[in-house]
Amino acid sequence: MGPITLTIVTPLIGALLLALAPRARERDVRALGLGVSLATFASSLWLLSRFDVANPDLQLAESATWIPSIGARLAFAVDGVSLVLILLTTFLMPLILVASWRSVQDRFVGYTAAFLVLQAAVIGVFATTDLLLFYVLFEFTLVPMYLIIGIWGGAGRRAAAVKFFLYTLAGGLLMLVGILYVHAQTGTFDYLAIRDAVVSGRLVLSAAQQTWLFAAFLVAFAVKVPLFPVHTWLPDAHTEAPTGGSVFLAGVLLKMGTFGLLRYAMPLFPDATIAFAPWLIGISVVGVLYGAIVALMQSDVKRLVAYSSVSHMGFVVLGTFALNDIATTAAVVQMVNHGLSTGALFLLIGFLYERRHTRMIADFGGLAKQVPVMAGLWLVVSMSSLALPGLNGFVGEFPILLGTFATNRAAAILAAFGAVLAALYLLWAYQRIFHGPLETEANRTTPDLTRREIVVMAPLIVLIVAIGLYPGPLFDLVGPSVDRVLAEVAAVAGGVR
Amino acid sequence: MVLAAAAGPAPVNDILTVTDGVIGLAWLIPVLPALGFVLVLVAQRWLAARAAYLGIGAAVAAFGLSVAVAWQVIAAPATYLRPLPRWIEVGTLSVGFDLLIDQLTVVMLLVVTGVGLLVHVYSVGYMLGDSRFARFFAYLNLFLASMLILVLGSNLLTLFLGWELVGLSSYLLIGFWFEKRAYATAAKKAFITNRVGDVAFMVAMFLAFATLGTLDIVAIVEAAPTLTSSVAFTLVLLLLGGAAAKSAQIPLYVWLPDAMAGPTPVSALIHAATMVTAGVYLTVRLSPVLVQSVDAMTIIAWIGASTALLAALIAIRQDDIKKVLAYSTVSQLGYMFIGVGVGAFREGIFHLVTHAFFKGLLFLAAGSVMHALANETDLWRMGGLRKVMPVTFATSTIAWLAISGVPPFAGFFSKDQILTEAYLHGYGGVYLVGLFGAVLTAFYMTRWYVMVFLGPARHADGVHPHESPASMTIPLVVLGVLSAIGGLVLNPVHSGPLYRFLAPVSGDISALGYTPVGPLGEPQLIAISIVAVGIGITLAWLAYARRDLSRGRLVDPVRGPLAEVMERRFLVDEAYEAVFVTFGTRVARALTWVDRRIVDGAVMGSGAATLATGRLARRAQTGMVRSYVTVMIVAVALLLALAVGMVVR
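As you go down the protein sequences, you meet chains F and Y in turn.
Just so you know, we're using numbering that gives the first Met the number 0 here: the first sequence kicks off at 0 and counts up by one.
Just so you know, we're using numbering that gives the first Met the number 0 here: the second sequence kicks off at 0 and counts up by one.
Next comes chain F alone, as it looks inside the complex (with noise of 0.2 Å):
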């Protein structure tokens, strides 16, 4: 068994397990859960060390047969992008179950179950190079996280969960129809080869056909990311979802969208890619204005955080499509930025949530004197969020907008004003909640963070701080892969800058 798969197998192999003894103790749920999550980060950073990072094409490949009927195989293989995601994804996972352990009271064993099964499904959309095998993996993700909104989500989480699974589904049916087009065009699910034969000339598409397949693809994509405007399922999801959820659905879910636009949209229908850019960068710069704009207005915090994710996932296809190495790349690096700074901003706002029971920023004010060390740290996150150098949202917000300076002026302008608008909106409900004074009983009483929640914030500050002093390592991991899809969108199409 390679590394791949069994990255993918030891949380199935967990959920398994919790399956099988669904009455067993907290605490052994809680080890179980635990030591699952440490061992499938463990796994991944075997992945890592036997990736070979100057090798710019997908690797490590693992395959079994699956539907021997009509081709479809169980197959793996990462790229420098994939992989860093797959490593954001099982870093985050313990975090997200050891704050889980107090917020979640109530059937913890299907919580962390739930979460096993939707770390392997996720883990399986970057790794796998089978058409078909994504499309699969990538809407049966869809199940657990609608579980565990519907489930363990806030008062109004039955609507929430239906309207992120009805959006989600139907983004992604579009794109199925694409799959099965190219199915019919090539005769295979098999990524590589429809890549490859792009790529040599032996499989030209009209300009028609791209477009109509690139626009499925981009539907499923769109919605996953959100673009504006197919967005709005996103603040409701996040208000209702538990902490963890909202901590996996910005951390890792939506970069499914991204990463898709990356690895299948582009290299797979090159003219396309090109024909469309200047909508996408265009779009981009909406969202991430219009999610800053909107954003200015939340009095919850977390529908707040929600509209900044519109607004920062926004740089990233803004990035993506400036179809520029500096922009791209540090697009792909925004992509692990936003899950950990996001991430690491729904955590605290889910211990803050547990102590109040309220995500009102109304009802706070003058925390900073009661809880230090939260105010401390929600502080760091705010700054890694609003791209403050020195953290690690700036070394991939400016090279972003420096690359796409180079494509389209005017949008890096624009999206630059993003910078503004996110001081703006996080400082403003920082100011709320913890300046001031402390004049509520509510608030004089709120306790500041236990042991096992600044163990829990830890790792994300020191990884905040460390990808923001020393980008390099991230760089080095995912630039060429990233030239790689770049120049096979150029080979095809030509005109990439």
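Bear in mind the hints are in silico, worked out from the structure with no lab data behind them.
Computed from a prediction, not measured in an experiment: that's the story for all the values here.
Check before you lean on any hint, since a few could be wrong.
Going by beta-carbon spacing under 10 Å, a handful of chain Y positions derived as facing chain F [stated by the list, open to error]:
(1) P84
(2) T157
(3) F159
(4) I191
(5) T584
(6) T591
Beta carbons are placed, not taken as given, at the ideal position from N, Cα and C, and that holds for glycine.
Since the structure of chain F is provided, determine the placement of chain Y on it from the hints.
Coordinates of chain Y only, in the frame set by chain F:
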């Protein structure tokens, strides 16, 4: 004659890459205070008051190393590059933490660490008893580290790293007493106003990179002559946008007066002596780029002149001991920008240095006064401190004379040399505005001085003013000495030691074709300056020193509608509030409505989908809970089947 000495071929620095000796160790200058920040923050409970030693220790080390580096550069002038690890490397963008050390760096290093050290020491007395005493020193160290990164960075992005981190330190220190809503708001205002400038700075970097393919300062300076005039013009104006925010120039100065919410040592160090001069540093650092666009420089000169005038007018009618100094700082920064704009780069830096001495001193003296008067800040409730606070009084006298421009105190030389250059370079209007500003400066500073120290005491009963402890008066004395002799020692004549020292880093203005406004020479201009200062001081003296001030502001001799407008700061804050806050909120509210009603509605197919969602949701409610275990098991089984298939293949 004086100008003739400055002519001739400009000296050029050799560029040396050095990794050993004192230059090799220069990276410790920002790193030691950074470590101080982390250590104090982590161990603040355990350290308590001992945090001050750690903080001061880091400042001492940074100052000592800066002196050693300065020694090296003075002994062997050159542009030293200290290579350090890479920071961001992607595609053709390659940025490292490398240090750039030349004459300009050295001047900035000494000012920052010198004044920084004094303020650290002063804070021991000033912040004593504060519940967050240790954290204050942590933040001061963070500021020091950030400012040192700013002046040492060898490329624009590393400079920007320091630039943003000083913004963070400033935010933390303005909002140090965050329990007060107004203070927290001031901190946020400072950060966000600076962010607006940052957009301009970032776009400047994009443009520089797109045009020249590098963010490296030495490379940009070398390639500057190849810029087309339109690119140079745009680039300089974008840099000005960033500089105007940090250095509180029109239209982005509004945050600085509010920043006085921070503890007074912070106002002295960050909001007077060092951080706010970062914009001046940036423009002088890139002066070889500036000289590519004389139009853009003219705009800088006029921005500086307008700011100097506007802020001086506002300062005349402020009643808060720190607000007067804050507007004065804005005004003096305006003079530095005049210097930069009229091609007097070195004079601008000279004024930066002397201003750091006398304005740092004025703020520390103000803090000493507030300390003595139980945190009173109203000028109308002061007076009569001459005898009770002899050290504060004596040093403030020096600072007052220095900022007013009385020879031979420090400010006289630096401000006069800027005005002289404006005249000799043909900027008649700027010169006149600057000269009028000098009258106003002498006026409002004399008013301040008289109201704080002279006449009978007007403070509340029960307050017993006293001289501050030695930790506070020693920094006053040091800065007092520097304010007295700083100008005389550094650059008593136009081509004095500092002027010659900075020659290699100053943009070459010989090709700009400056012609003097008129026939006056430097001696006449100096005489005019002195007369202007004399008028300002005399008028204020007559107006305030010979009047009974105990009846409060009603007796202020500066009155009338214009004075009213000055007191209300020309309503600029109100206008900004109306435009940005009120209008901005409306836009945001409208968009939020659109998001809920239109975007969400349209995508969900409004009515039909809402109904369907409702029905499904209801079904899900009943069915889901029971079936979730089933779904999970099926899901697990499915995925496991896939996995097993792989393993046993």
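Here's how the hints hold up against the structure:
| no. | hint | verdict |
| --- | --- | --- |
| 1 | P84 | 8 Å, holds |
| 2 | T157 | 9 Å, holds |
| 3 | F159 | 6 Å, holds |
| 4 | I191 | 5 Å, holds |
| 5 | T584 | 8 Å, holds |
| 6 | T591 | 4 Å, holds |
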